[in-house]
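Build the full structure now, drawing on both the sequences and the hints.
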Amino acid sequence: VIQPAVDTFVGGTPTAADLTTLCIVVVGIFLLQAAVGWTYRVVSQRAGARVIQRVREDLFRHLLRQSLGYFVDRRSSDLTSRVVNDTLVFNYTAIGTALNLLRDFVTLVLLLAVMFTMDWRLACISLGVLGVLGVFLRLVTRRLSAVSKRVQEMISKLVHQLGEMV
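Residue numbers for the sequence shown follow our numbering, beginning at 1077 and rising by one.
Source of the hints: derived by calculation from the structure; they are not laboratory data.
Treat the hints loosely; a few may be bogus.
To be verified - Taking CB as the label site, the calculated pair distances span:
| # | residue 1 | residue 2 | range |
| --- | --- | --- | --- |
| 1 | Ile-1128 | Met-1194 | 41 to 47 angstroms |
| 2 | Arg-1218 | Trp-1114 | 33 to 39 angstroms |
| 3 | Asp-1149 | Thr-1115 | 44 to 50 angstroms |
| 4 | Val-1148 | Met-1241 | 20 to 26 angstroms |
| 5 | Arg-1226 | Gly-1172 | 16 to 22 angstroms |
| 6 | Leu-1213 | Phe-1166 | 18 to 24 angstroms |
| 7 | Val-1103 | Asp-1195 | 27 to 33 angstroms |
| 8 | Leu-1187 | Phe-1166 | 27 to 33 angstroms |
| 9 | Gly-1172 | Val-1086 | 40 to 46 angstroms |
| 10 | Ala-1174 | Ile-1100 | 35 to 41 angstroms |
| 11 | Ile-1100 | Ile-1128 | 37 to 43 angstroms |
| 12 | Val-1159 | Gly-1207 | 38 to 44 angstroms |
The C-beta atom is built at its ideal place from N, Cα and C for all residues, glycine as well.
Quick look at the structure:
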């Protein structure tokens, strides 16, 4: 958006009105970006909070329907950890990931349109590099998933030990 305006200044002698217009456009773009970013954060936080509340309520109702034998085999700290901590992890991973994927998909489509408009050959090379990076990210994600599972198990043990100590 800014490039055509800047290009007009490089080729000629800009007037004060031209410079003022460019400054207003740049400030307007940044204000629009800030407003969209703020709206995105507010909407995503509210949606995430509502989803987490519903998940926790459903988990609690599910626990209330269990037989007494179910509670004999499980520590109360494990159950508490699942309702409190696991739902937070769910919020950060599932909801955060879904919202980020939506935002990133729109950004990707717009950037690809710009790239193909500017130079289709360079855009094709970039897509090839993205494919290689995608394979690498898939491998890293699998490793992080295993680490995340171990962290959740450790948090559960910590909550149990803390409960026992108290």
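Exercise for review: Check each numbered hint against the structure and report the violated ones by number, ascending.
Suggested key: none
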